[in-house]
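All residue numbers in the sequence shown are consecutive under my numbering, ending with 358.
If you are wondering where the hints come from, they were derived from the structure by calculation, not from laboratory data.
Note that CB positions come from ideal geometry on N, CA and C, so glycine has one too.
A portion of the hints provided could be inaccurate.
Here are the computed lysine-lysine pairs in the DSS-like style, where the Cα-Cα straight-line distance is at most 27 Å [unchecked claim]: (1) Lys311 x Lys202; (2) Lys218 x Lys202; (3) Lys311 x Lys330; (4) Lys218 x Lys311; (5) Lys311 x Lys300; (6) Lys300 x Lys330.
Ranges of calculated distance between the beta carbons of each label pair, as one might list FRET restraints [as the list claims (entries may be wrong)]: (7) Arg258 x Leu122: 29 to 37 Å; (8) Asp142 x Phe78: 37 to 45 Å; (9) Val138 x Arg304: 47 to 55 Å; (10) Ala357 x Ala161: 24 to 32 Å; (11) Arg258 x Pro90: 45 to 53 Å; (12) Gln73 x Ala37: 23 to 31 Å; (13) Gly302 x Ala161: 27 to 35 Å.
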Amino acid sequence: MLILAALFGAVYLHFRRRDRRMLRNGVALVAAVGCALLGVVEILTQVVPGFGFVTLLIVLLLPASVLVLSGFLIANGVTMLRREGRRLGNMLSLLAGLAIPALPVIAVVLVVTGDPYLITLAVLLFLATGYAGAAFVIFLSYAAAYGRMTHQEHPAAVVVLGSRLIYGGVPPLLKARLDRALEIYRQSEQKPLLIPSGGQGPDESRPEGEAMAEYLLGQGAAAEDVIPENRAVNTAQNLRFSQQIQDDAGRSGPLLAVTNNYHVLRAALLSRKAGMRAEVTGAKTARYYVPSAFLREFIAVMKGHMFLHVLLFLPFLAFSVLVLIAGLNAG
Numbered sequence: 028m029l030i031l032a033a034l035f036g037a038v039y040l041h042f043r044r045r046d047r048r049m050l051r052n053g054v055a056l057v058a059a060v061g062c063a064l065l066g067v068v069e070i071l072t073q074v075v076p077g078f079g080f081v082t083l084l085i086v087l088l089l090p091a092s093v094l095v096l097s098g099f100l101i102a103n104g105v106t107m108l109r110r111e112g113r114r115l116g117n118m119l120s121l122l123a124g125l126a127i128p129a130l131p132v133i134a135v136v137l138v139v140t141g142d143p144y145l146i147t148l149a150v151l152l153f154l155a156t157g158y159a160g161a162a163f164v165i166f167l168s169y170a171a172a173y174g175r176m177t178h179q180e181h182p183a184a185v186v187v188l189g190s191r192l193i194y195g196g197v198p199p200l201l202k203a204r205l206d207r208a209l210e211i212y213r214q215s216e217q218k219p220l221l222i223p224s225g226g227q228g229p230d231e232s233r234p235e236g237e238a239m240a241e242y243l244l245g246q247g248a249a250a251e252d253v254i255p256e257n258r259a260v261n262t263a264q265n266l267r268f269s270q271q272i273q274d275d276a277g278r279s280g281p282l283l284a285v286t287n288n289y290h291v292l293r294a295a296l297l298s299r300k301a302g303m304r305a306e307v308t309g310a311k312t313a314r315y316y317v318p319s320a321f322l323r324e325f326i327a328v329m330k331g332h333m334f335l336h337v338l339l340f341l342p343f344l345a346f347s348v349l350v351l352i353a354g355l356n357a358g
């Protein structure tokens, strides 16, 4: 196992050197860490008396830890609804917390019926849940790893990705992004161009870029270093339109995007997809907001790679068909 861990670790470092903005890096990283843990457990079981019992105890406690996770997500979901309102995006942690204990019960009920079709549905449900869980672990692990990487310290331009305004003003979530951009701006000897980016949503009284530029200027940024972008309606447009502003301003060089920590990896993936020379750095986010935000980002990344995930899931679908055929023949 330790040899496998070393091989996966080498693959991870190779991919990371090529481009840090690739989700496959996360696959290699999780595989390396997982193999390393299994290898260490295997060695300790052989050399430490009674360690096998400790390992067994940990495995037996896993169901309890899953229930604890479910309770945490439900409590977080209630907090999100109370603080952020009853929007679907704010209900994700609540829905996930309810689904964790419900799915095994549903699967058992389907199996108990003895119907081959329902048993196959239970198998498919189990495989789909396992696949989604593994994909989320990979996403979360690499999001944490990428967020801790050091990036271009003196970029030519810093784009601040917009988010929803509250009564036309900058809310705490967006303020954290702007403050992070100002921190980079103040630490740079050659001041970068600041591009606050965001259009006007249907529930906003003015463009996000305009309000963000007003905040940056109010905090001491020089007027000649701030050019707002007021058309973007999503992250891809934030990046693309801001790149055009940087080019038009003649500020050639690396672009650094600033967003909140939960959004860093998806923004980096989008910048790579657009062929941009850009990295992404994160600002702190209120703790209660993080679980739902990461779930929302994970869903968005899954949708963005839907064709790939369908291909990867085909073997599991084929296995489910074999289960159905076996069940029909046995009947």
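Verification of the supplied hints:
no.: 1; hint: Lys311 x Lys202; verdict: holds (10 Å)
no.: 2; hint: Lys218 x Lys202; verdict: holds (20 Å)
no.: 3; hint: Lys311 x Lys330; verdict: holds (25 Å)
no.: 4; hint: Lys218 x Lys311; verdict: holds (23 Å)
no.: 5; hint: Lys311 x Lys300; verdict: holds (25 Å)
no.: 6; hint: Lys300 x Lys330; verdict: holds (14 Å)
no.: 7; hint: Arg258 x Leu122: 29 to 37 Å; verdict: holds (33 Å)
no.: 8; hint: Asp142 x Phe78: 37 to 45 Å; verdict: holds (44 Å)
no.: 9; hint: Val138 x Arg304: 47 to 55 Å; verdict: holds (53 Å)
no.: 10; hint: Ala357 x Ala161: 24 to 32 Å; verdict: holds (30 Å)
no.: 11; hint: Arg258 x Pro90: 45 to 53 Å; verdict: holds (50 Å)
no.: 12; hint: Gln73 x Ala37: 23 to 31 Å; verdict: holds (26 Å)
no.: 13; hint: Gly302 x Ala161: 27 to 35 Å; verdict: holds (29 Å)
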